[in-house]
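Enquirer: Kindly produce the complete structure, drawing on both the sequences and the hints.
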Amino acid sequence: MGSSNSTLSKIPNLGRLIEETGFTPAHIKRLYKRFQALDKGNKGYLSPQDFGSVKELATNPIGDRIIGAFFSQGQETVDFHSFVRILAHFRPLDKNRAKRPDSPEPINSRISKLRFAFQLYDQDNDGKISRDELLQVLRTMLEMQVTEEQLESIADRTIQEADLDGDNAISFDEFRKSLEKVNIEHKMSSRFLH
Amino acid sequence: MGWFPSPFDNLLCMLLGISFTVWFTLLLVFIIVPAIFGVSFGIRRLCMKTLIKIFEWATLRIERGAKEKKHLLYKPYTNGIIAKEPTSLEEEIKEIRRSGSSRDLGAASQEFELSDIFYFCRRGMESIMDDEVTKRFSAEELESWNLLTRSNYNFQYISLRLTVLWGLGVLIRYGFLLPLRVTLAFTGVGLLVVLTTLVGCLPNGRMKSFLSEKIHLMCYRICVRALTAIITYHDSENKPKNGGICVANHTSPIDVIILASDGCYAMVGQIHGGLMGVIQRAMVKACPHIWFERSEVKDRHLVAKRLSDHAEDKTKLPILIFPEGELLKSGVHSSAIAPLARASGLCMWAAGIGLWEASFSPAFLFLGLSSGTCINNTSVMMFKKGSFEIGATVYPVAIKYDPRFAEAFWNSSKFGMVNYLLRMMSSWAVVCSVWYLPPMHKEEGEDAVQFANRVKAAIARQGGLVDLLWDGGLKRDKVKDTFKEEQQKLYSKMLVGAQEDRSRS
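For the record, the sequence lines run as chains A and B. Residue numbering for the first sequence follows the working numbering, beginning at -7 and increasing consecutively. Residue numbering for the second sequence follows the working numbering, beginning at 16 and increasing consecutively.
Nothing false has been slipped in among the hints.
For lysine-lysine, the following DSSO-like pairs were computed, each having C-alpha atoms within a straight-line distance of at most 30 angstroms: (1) A:Lys120 with B:Lys504; (2) A:Lys173 with B:Lys508; (3) A:Lys173 with B:Lys109; (4) B:Lys109 with A:Lys47; (5) A:Lys120 with B:Lys508; (6) A:Lys2 with A:Lys47; (7) A:Lys120 with B:Lys109; (8) A:Lys47 with B:Lys504; (9) B:Lys508 with A:Lys47; (10) A:Lys173 with B:Lys504; (11) B:Lys508 with A:Lys169; (12) B:Lys109 with A:Lys169; (13) B:Lys223 with B:Lys254.
Derived by calculation from the structure, the hints in this document are not laboratory data. In this text the structure is predicted, and so the values were computed from the model without any measurement.
Expert: And the structure:
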């Protein structure tokens, strides 16, 4: 006989996870079930192949980059904590959350979401989106639908518009400035059900 | 001093003898004889109605109890964790750009923006959290509880009455129903083998096919009763006729038994060794089934030829095919036959028939397809086109199980075949509906894929199942790259149109 609370008790450091990510226990439980469903072979962690079973991800042009976002710094596995922490980026903003001066930036704040998106572009993590990196992203998003010249002209124009200090690359600050008016809170958030 | 039986022993022996006799008489009268003649006393339906009332009471009791104790009720997962917005790529990207730019956006200035990636990123994350297809592969969660703890996560101690009821249920199911069913299963399979071998000795002719039909039907009916399957057949006037192909959606390995107990079909599959092979060889003596040697299975053309020859011959029985399917490793198949051979006859029968690197379901196809994955009852996966290239008349059949009585879905990555059959046999009953749909032909100018989709849509519509434009094989294989192209095409249409405008101006 299983009870609904036994699932939660299997998760270590639950309290800290809730505190850090802001998910409710019900959400965490659902995410845990999802984690288990993805974890073929019950290893307790996920590897890149486990994400391969998500069909919608495979049809997503930047699917591989999204999977890569879970495995930071050359790691080959992602445990449940890291899994939830990454997904927490997509929680809607908490309007009522009081800002404590010494607390770390919440995972789902505007800056954190921007940083997450920036890292999707900046694959070598040098803090700048170079022209090559931009070309790479454009290539995966458009593949064979446009010619190489068109891709290059798009990349050049984008850098021209966003690059303020003239180094032919987009730093995080320039990225942030160019997306000032975009409603990131809405576009990089999912509606979580209760 | 010798051992002499005490009066108590005598009494015990007598009681045992009497109970066995009673048991077998009941078995014979109430189950086997009606199976032979195809009639039913209606006892099962009566039990079904009673059980439904009990289940409803049990569910109300749980909900009330949970409210009183303020426990978190684990709501059905069917709603998922996130609400997905049904907007298209174009709309969303336009919205993102509109909010980010103060320029007046006309059709000409839809150029690439750094924020475009947000759309793909969010969609990717949402699909990781909650994915239409993977959801299909976990068992549906019930709105009501059917006194089987395996299908309910909310069961905690709520009231004495509920626990007593549950305990009674366990007693009845494991103590009475399970042995009964296992006996029946053995009887059914045993009779099948013996009788078909006998009939096989007769010369080919009308008498032989008449008898073999009767025997097959009778044995399948016994097997059906072994599962206590309560089947409602709709539209029997559309039942498959000779010289056609019968095509059905596939939820569980017992689909075959359910269909075969109502009509005679030619099965398609691979010959196995051991007890399974004995059954297959016996069956083929009485009735022309299509069994392939393992070596023949690799030769697609041979397979296709044999099947089309059979289909064209109007005197032969309709071929039964479940066109959904996926490839499993061949090692899985051969290593599992030995333990299966030790299990009940029903297991072996259902497990044995398969094509190619077979799984344990009698789901099979030809022309490059494979044996079945079991799919959660609510959707009909993309039918593979091979079955539809043959050009014969196709008789679609829709099968839908009622989840209130037993979870018919077989999660082949979680449970083995024996486990699955035991669960089936220790559930209350297997209630399902079978709809025979009117026959379909491939029309002029329609290719196999379109025909397959048409058949699939008809089946899904009838059974109230959700029509998923997806391939059952994707559960384990990687998606083909062609699917990515669709998204890329959509996106590029937005951009390239802008580029061309710019280059023109």
